[in-house]
Every structure is written in C-alpha cells, then in structure tokens.
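Engineer: Sequence:
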Amino acid sequence: MSATTTSTTTTRVHGSIPPFPPDLVHAPIAEISSKSLLEKDLAATAAVLQACQTYGFFYLDMADSEPGRELLTEADELHDLSKQALALPFAEKDKYDFRKTGSFFGYKPAGTVKLTDKSQRPDSTEFFNIGKDCLFGVAPSRTYPEVIQDARPLLRAFCKGAHEMAMTILRTLARAFGEDEDVFVNLNRFEESSGDHIRLTLKPPSDPTKTDILGLPSHTDFGSVTILFNWLGGLQIESRTPGRVGEWEYVKPLPGKAIINLGDAMVHFSNGALKSAKHRVVPSPGEQAGMERVSVVYFVRPTHHSLMKPVGKFDMQQDRVKVAGKFSDGIDDKVYTAREWLEKRYVQLASSSSSSKD
1 MSATTTSTTT
11 TRVHGSIPPF
21 PPDLVHAPIA
31 EISSKSLLEK
41 DLAATAAVLQ
51 ACQTYGFFYL
61 DMADSEPGRE
71 LLTEADELHD
81 LSKQALALPF
91 AEKDKYDFRK
101 TGSFFGYKPA
111 GTVKLTDKSQ
121 RPDSTEFFNI
131 GKDCLFGVAP
141 SRTYPEVIQD
151 ARPLLRAFCK
161 GAHEMAMTIL
171 RTLARAFGED
181 EDVFVNLNRF
191 EESSGDHIRL
201 TLKPPSDPTK
211 TDILGLPSHT
221 DFGSVTILFN
231 WLGGLQIESR
241 TPGRVGEWEY
251 VKPLPGKAII
261 NLGDAMVHFS
271 NGALKSAKHR
281 VVPSPGEQAG
291 MERVSVVYFV
301 RPTHHSLMKP
311 VGKFDMQQDR
321 VKVAGKFSDG
331 IDDKVYTARE
341 WLEKRYVQLA
351 SSSSSSKD
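First residue of the sequence shown: 1, per full-length UniProt numbering; consecutive thereafter.
Just so you know, these hints were derived from the structure itself, not from any lab.
No more than 20 Å apart at the CA atoms, straight line, and that leaves these computed lysine to any residue pairs for SDA-like: (1) K278 / V245; (2) K309 / V183; (3) K100 / G111.
Put together the whole structure using the sequences plus the hints.
Structural biologist: Dropping the structure here:
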C-alpha cells in the first residue's frame, strides 16, 4: 500500500480529534525509526535496548518504512472496524463473551476487570480479542460477529505485518545483547500455535461525574511484545524521571507512530535484563475526554510449547530473576510452558470478571 494512501486514511481518522493538552506532563519515551531498525542501524539498536531497560516503552515511527506504512493504513481501517463491531447491540456482542467460550478470545464487556487494581475500580473498556491461530487455521476458527468475519483479509494482513515488525524488535534486542539474532524469535514463531491476537477496543466518552472508573486497571502485559495504535490520550505509565519516579505519566499519541512495550515473557527470557512496565488506561485528557477512545493492538505471545525461563547466555547465569505470577500472590518455582501460563492468566481474568458482578 502506498504512502499516499496512508496519509489520506490517517487524515480521515485523525482530523477531528481535539489536541492533546500542551501543558500536560507526558512521559519522555524514545522515538525510534522502523526504517533504522530494519537496516540494523547501531544507534537505533542501542536506543531500543536502553528504552527496554528503563521505561519499557518507546515510540516506533511507522511512517518512514514501507512495512510500517502498511501497518498504519491497516490500523486506520481497523479503527473503523472497532467502532462498527463494538457499536453492535449488547445482546449480539454477548454471544461471543470469552467467559462463555472458555477461551481468551472473543468479547470482553466493560466493567469486568477490577481485581488487578488496588482500589477495585471497575474498568470502562470493551474489546474483541481475535486470535492469530484462528485467522490462519493453526487452530479451529472461533465465531465472531459478521462484521469481523467479513474483515478476515484485513485482519490477516495486519496480524502478519505486526508480528513481523515485532520480530524485528526482538532481533534488534538479541543483537544488542550479542546473542544470535533469532534467540528470542525462535520462541515466538508465527507459524506455530500461540496466544498471539489482535485486540479491537473502545472506551466510551468520559463521564465527568464518575471519577472512580478506569479505562483499564494497572497491569503488565503477559506476552513478548505489544504494538499499540491509538489516537487519543489515556495510556499512562509509571515515571522514571527523578523526583517523579513511580508517578503516573501520560503517553502522548504521536501521528505515524506506534507505541511499543515488552511483556513479562521477555523478563523471563532475559532473566530480568529487559523490563515489562506497568501501565493503565484512564480518561482521555482535556477536550479529548468527550470522545470515544479506540485503540488497535497486536499482542505477540510465545509459542505454546516455549518454556518460560531464561535463554541463551541468560540461561547460564547462576542467579535467576523470578517474575511474580499474575495468577497468585506468591512466586512459583515451576517452569511453565507458555500455554500453561496463558491458561492460568485466563483463569485470573475470568475470576476477575465473575467477581465484578458481585
């Protein structure tokens, strides 16, 4: 797809959005070129490593490479699909509730996740999770609303392109550590069964009379790499700025740039050398609060048979960094497969959802 097409689509989606408040403090995360990563530029490689060891987040400029421009165009089209799918009557969306299917994939209603937030505040975000394996026939296809089924060619194209861009990031990190560049890629193969998925999300306009509702509670991501396309503010991460460490800072959406972060799996695989940063979604700031917040996300997760333990030179270190399980209060010494860990994560999410009805 051409750069011209990308520019036109982006203008159509972004044109009427109020500006991000200019006086609002936002996280000073790095801006890195996808073109430079694809060219294995040494300065960009060092910048990615530094970002993934400090904030755990960075911007990736998608507009300066052909694969990136294609992803931008597809993300804009998926923005529209998100609004169409999530505008369906609740009775229709409820047919695909993930809690009824026994799967992580399907529909999640708003107000169903709060156990991970210390204040027990309900969330206000609804979304559809669409599995990579279902799109490509690696696993039996699940049912989704017709509007999503009709978009399978678009979803497949975005899925494949986003995964490959994530592999570029993983190869970059491997080279930065002096490892074989496929040491992390081998744990996240596209053609093998995994929990990879596209998420289409919608958060309604904020109600100024309700201050106790989060978009999504604070959490770290489970998987390897997350690629986020969003158009409104609302994402916050914990500050690393001296004097503000631990405080929440907005991540300002930038045109043409995706927001990248690593998940807990990379903490395991690197024995703590890489960071999985805590983040949350709150009401959009300023005039943006009066608009629906749509985001399009691709989550890369390790292949189901991958072991959640250090790899390469990190496996030779005597001391092991243990990552607290998201599904228990303690730290488990068992080495899980990615499938086992995903299943336990599903149990936690389903439990959170059930309790929110109490």
